[in-house]
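Trainee: Sequence:
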Amino acid sequence: MAIPQLNREPYGETPDGNVVEIFTLANPGGVVVRILTFGAIVASVEAPDRDGGRRNVVLGHPDLAGYVADTAHFGATIGRYANRIASGRFRLDGTEYQLERNNPPNALHGGLRGFDKVVWSAEPRAGVAVVTLRYRSADGDQGYPGTLDVAVTYTLSIDNVLSIDYAATTDRPTIINLTNHSYFNLAGEGTGDIYGHELEIAADAFTPVDATLIPTGERRAVTATPFDFRTPLPIGARLRDADEQLQRGCGYDHNFVLRGPAGTLRAVARLRDPSSGRVLEISTTEPGIQVYSGNFLAGSLVGPSRRCYRQGDGICLETQHFPDSPNQPHFPSTVLRPGQTFRSTTVWRFCTDIGPAHS
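Every position in the sequence shown, counted from 1, becomes a number in my numbering once 10 is added.
Don't read these hints as lab results, they were simulated from the structure.
As the structure is a computational prediction, the values presented were derived from the model and not from experiment.
Hints should not be assumed to be uniformly reliable.
[Unchecked claim] Straight-line Cα separation of at most 20 Å, EDC-like style, residue types lysine to aspartate or glutamate; simulated pairs:
no., residue 1, residue 2
1, Lys127, Asp73
2, Lys127, Asp149
3, Lys127, Asp80
4, Lys127, Asp151
5, Lys127, Asp26
6, Lys127, Glu23
7, Lys127, Glu31
8, Lys127, Glu110
9, Lys127, Asp159
Work out the full structure: start from the sequences and follow the hints.
Mentor: Okay, here's the thing in structure tokens:
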């Protein structure tokens with residue numbers, strides 16, 4: 011059986027002259043993943059359906075210019091802090107830090123120039139489908155304290171599993187929350203909405219939000235709510251329910267409290283497209299997963315298929331710590347200190363409803 015392969019090619023230059031590369035991680039007969047050094051972005055994931063037909067199953071842009079101008083964070087590595095921080099403000103060791111309020115009145119996804127807007131250095135591993143991307147975020151970058159050295163390693167295995175391993179160190183106390191912001195459509199990018207996809211999440215509770223999408227601090231049971239995905243349910247089944255939380259998010263844009271101990275790799279979510287038979291199984295070491303049903307896609311962005319993306323054309327399943335954790339002391343901590351190493355792993359397994367995608 012052929013082993014996964016790695017290919018490296020130029021992709022273009024940013025407006026300020028930085029060279030961007032694209033890495034192709036290919037499992038012959040199976041999944042093919044393309045990674046950009048700009049934003050450490052997952053630009054495409056080609057996966058076979060139950061009949062062997064291959065389609066790209068993540069949303070994206072047709073060229074580098076699209077990613078540079080992107081406001082939807084397609085496929086991006088998000089940091090320093092994924093999700094929202096209330097009023098862009100937090101206190102650490104007695105010092106208050108003010109971040110850019112790029113999602114008024116809050117800070118979102120690391121700021122106007124977060125990790126998704128910079129060029130990462132690349133270290134491909136010879137003979138295997140593995141590439142490590144590195145970035146140094148300077149002390150004070152986007153308002154965050156400490157010089158942060160970050161690495162994201164993408165590994166594609168023979169069984170159509172893409173592993174995403176994060177690591178980071180700092181020279182001053184800081185906060186960190188990393189995730190990948192891919193939008194999945196298992197029927198294929200540009201084919202329409204994902205409301206018929208079936209979603210299952212290993213979560214008995216979620217964190218409700220206020221009118222600005224900041225968690226209230228409550229952990230609310232999913233029982234008898236539209237947030238109960240403990241058994242497979244079409245995403246659109248309860249999306250139009252008259253529920254205050256759905257109204258605030260214009261759909262799903264909420265953190266789910268995952269079962270099992272954080273720091274332990276465990277299965278947490280399963281997404282299935284009945285039409286194609288494609289299945290995505292997600293495992294993670296993170297305590298939460300943000301489910302975002304593409305509520306703010308409004309037809310202004312065009313994908314590689316040359317089709318416009320509209321509301322619900324993709325779903326994000328962002329493994330991460332909880333939003334606004336620096337201001338919520340009873341949430342799992344996102345503080346990183348000198349001498350510590352932040353580590354996190356998320357695994358995407360692509361298969362079909364009649365067995366592994368390569369069979």
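Trainee: For each hint, tell me whether it holds in the structure or not.
Mentor: Now the hints, each set against the structure:
1. Lys127 <-> Asp73: 14 Å, holds
2. Lys127 <-> Asp149: Status holds; Cα separation ~17 Å.
3. Lys127 <-> Asp80: Judged against 20 Å, a Cα distance of about 9 Å means the pair holds.
4. Lys127 <-> Asp151: 13 Å, holds
5. Lys127 <-> Asp26: OK: Lys127 and Asp26 at ~12 Å, within 20 Å.
6. Lys127 <-> Glu23: Holds - the C-alpha atoms of Glu23 and Lys127 are around 13 Å apart, at most 20 Å.
7. Lys127 <-> Glu31: 14 Å, holds
8. Lys127 <-> Glu110: 15 Å, holds
9. Lys127 <-> Asp159: Distance of about 16 Å is within 20 Å: holds.
Checked against the numbered hints above, the structure breaks none of them.
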